[in-house]
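Chains A and B are the protein sequences, given in the same order. Just so we're aligned: 14 in the working numbering is position 14 of the first sequence, and the numbers increase by one with no gaps anywhere. Just so we're aligned: 678 in the working numbering is position 7 of the second sequence, and the numbers increase by one with no gaps anywhere.
Since the hints were derived computationally from the structure, they do not count as laboratory data. Among these hints, one or two may not hold up.
To spell it out: a stretch of chain B is covered by chain A in this simulated footprint if at least three of its residues, at any positions, have a beta carbon under 8 Å from a beta carbon of chain A; those stretches are [claimed, not checked]:
#	region
1	898–911
2	942–956
3	973–987
Only a predicted model underlies this, so the values are computations on that prediction, with no experimental measurement involved. Think of the CB as a built atom: it goes at the ideal place given N, C-alpha and C, for glycine as much as any other residue.
Listed below are the residues making up each chain.
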Amino acid sequence: MRSPVLSPRQFEWTLVAFSATLAAHLLWLPIWLSATLIAILLARWLQRRAYARAWPAWIKFPLLLLVLALVVAAFANSASRQAGPTAALIGLSTLKLIESERRRDGLLILTVALFLVTVLFLFNDGLGVTLYMVIPTLLIFLALNEVSAPPGTRGGLAAELGSLGREFLLMMAVVLPLTVFLFLSLPRLSEPLWGTRDNQRLARTGLSQEMTPGSITELIGDDTPVMRVSFPERQPPKNALYWRGPVLWQFDGVTWRSNNLSNRGQTQGRLRGPQRGAPGDLHYQVTMEPSDRNWLYALDLASGFPADSSRTIEGIVERDRPVTTLYSFEAWAALDTALPLLAAPALQRRYGLDLPPDRNPRTAALGRSWRAAIGDDPIALAQRAMTYIRSENFGYSLSPPPLVGAHRMDEFLFETRLGFCEHYAAAFVVLMRSAGVPARVVTGYLGGTYNRVGEYWIVRNSDAHAWTEILVEGRGWIRADPTAAIAPERVDQSGSAFAGQTLGDDIEWLRSLRERADAARAWWNNTIVRFDSLRQQAFFADMGIDPSDWRHLAAWMGGGLALIGLLTALVFYLQRRRGPKDPALRLYRGFLKDLARRGVSAAPNEGASDLARRATQSLPVLADPIRGLVTAYEAARYGVPDAAALTRLQQALAEFRKANRRAGKAGASPS
Amino acid sequence: MTAEADARLAKDLIAPLHAAEAQVNQVVLGKSHEVRLTLVCLLAGGHLLLEDLPGVGKTTLAQALAATFDLKFGRVQFTSDLLPADLIGVSVFDPQTRKFDFHAGPIFAQMLLADEINRGTPKLQSALLEAMAEQQVTVDGASHRLPDPFIVVATQNPLEQSGTFPLPESQLDRFMFSLNLGYPDERAEKALLGARERRALIGDLKPLLSAERLARLRDAAQALHASPAAIDYAYALIAATRSDRRIRIGLSPRAGIALLRAARAHALVAGRTHVLPEDLQAVFVAVARHRLLLNADASGDGASVARDVLAQVAIP
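Please take these sequences and the hints and turn them into a complete structure.
And the structure:
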């Protein structure tokens, strides 16, 4: 038996539900594929409106090739295991819509769409996307409802939603407790089964182990959160929040690079977690967004970091595995403490003085002249450099003139004199090294934005910063931030605020709204996404349940499921007891109630026409609306199926009620 | 749409139908409800059983109907010595052609009035009821088709029990409707007394609807829409007869089909394109009263129990 043809209405429902699902996937699909798919859907919609004819094969086949080619081009070299197949599925189901003419096709498309809703969480499990996915899910179920009904038996959308709304709420009353229970009870893995929450690595930005002029400005335009931090005991001053990232030693005249010193000295000077925080240290808790890097951004000098991480001799806290999912940790910091030379002192000194030969002669000469004048006190030399930067007409700018040529530090220090943190950090280190003081560039984030709603700090990519450290014999590496010398306000504001990018931060309600939205995201991340095996154990411990004891487990599972079963039974009982399913009958019952209030109550075995005859006799004022309503009711409930009949009944009921109110106001009492 | 076309067709037919109804009402005074049900029975293609005392106008009603519908009318008075051959006809040997010729009996009519059917022997009764079910008779191995339409209006006297053979329930089921005419009300009876003799009036009746039109009306009636809601109600009524303690045997599925057919015809006479609960209510007692087999200790008769069922079952 052939499946019935989709009516235009059913087709449009299918199209809308599928498009809503597709819309969420457009977030990660490459732009060309997205544009093609949108164009196909649009063309299909217009074609279905205009002609009934199916698309010929000579259009369909090249389209298939085009879509597949786009998918292959975009994902052939992708590291992701899910992106390619998912994109192919999306492309093919979009193409399937082209030839979807029958109910069976519609049901297939909608089922695939439901699957695509689920698959999206492999790519994005943020709060916004999760909330958005409610819309396509609802649309898909509405469309399924529409497609599976025989055409023409459906009322208007409002009536439809009205009748579905109650059913939906009842369903939710059953499904939500079950979901929560399973969410809490199902065994959790410490990491997702698929290893990484696959997220198109290419697209992820953040600090790297290199710094070229411009690499940090790029980040300053990027508002995505890096981590959220809360200080449970005391709030530190904002200008003390130097979140330490990669340490860069090697300079070739253009680019600064890490030299993997930490990894070469695997064990030497490396401090393995778990460490206890020292008393008096600053305690803080961090939830990091996935970065695909090993390092955890910690405050100097870090201690008390978790078991699967360690502090390198460069002072970076590194995790054994990259942070590929939301990751939470807590740590302590001894602020303003120098990082001692824990291992390889000679090597560190040597690297700290390394300069590319034959580069930046003027800078080198300046450094040497200070050394000759001041001597070998690193603190005094650093202060001299700070004074130089402050006094010599330097400027802070996020769009400085580009540096070209071989002697870029010379160009910056003596010609352009306009730059931002990475220029100043680089120039400062070159000056120090020329003056014989071991120095290095440290990248990371500075400060953050305080969220008053959630009472935490949010650090964004726009807070990226570069500063320096100099080696003082006997004390260790000491932080020196030349940016503070030229633009102290950068140190006191967030990066984006300094760049003038957070529009409307001075508008109180807008700022408050933003804070609320981010607090909601933080809550989502902490409670839902980060609910892993550890948190699950903590939850069971709080409930006084020992999951390893089968009696406890059986009581919990049995009790929970029994409770949910009871609730389900209750809901279905209520549903059975509650009003009729037929929307026409429900409207008519409303009319009967109104009529009863006017003194005319219907007998259970009284037909509508008989009732109308009786009611028009005792309520002659309402005779016409009553007759109109009864006619419409009989047509809607007993007549030949007609989509418009229900609408007419709704209108008739509205008219009756209007007349009834008017009659009531006029003081017409039932006789 | 075919449904709309059917509705229009029905409209064209309904005006003459109403004229016919009015004409019958001029002859049978004060019985408009019963006349309406009789018409419904005709349109639903059913046979009619009139249970009443002699002299309340059963024959007049049947004759008026036959005259108005331009149907060939036949009448048989059932007695205990009447043989099936008297009703159906006999084969007579023709010496000239040396063949048996079939001489059709009075059953070969479009409307047959079977008076006092319960006076006939069971043999005679079954011959008639078989003819009603098959619309044909078989004599000496040869089948003879009865005319179309073939409508039996049977009467029986419920009071006189001596010398009668009550119809078995299974055979009563062949009648779609069972009606009780009763005495006319005062006004109608006075008018009856003052007016001309009824039989004379029937001679003046004009044929208003042909047999062919009646067939179209029947088709139109059965094409009417019975919504799931209406069928729910019909089922609720039938189911109630099966669970009522006063009733030994409730309505059969065949009775249910008859109920719905009759309700469709009633909806057509009322000029609607779909069946309403009111249609079912209007025909329910007539369909149910002779089919309900009451328990011995139950008070009342089939009609009153059927009315009770109607009062108790809510319209779903």
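Cross-check of the supplied hints:
Residues of the region 898–911 of chain B lying with their CB closer than 8 Å to a CB of chain A number 3, which satisfies the three-residue condition for coverage. With 7 residues bearing a CB less than 8 Å from a CB of chain A, the region 942–956 of chain B meets the requirement of three and the coverage assertion stands. Under a criterion of three residues with beta carbons nearer than 8 Å to beta carbons of chain A, the stated coverage of the region 973–987 of chain B is upheld, 6 such residues being counted.
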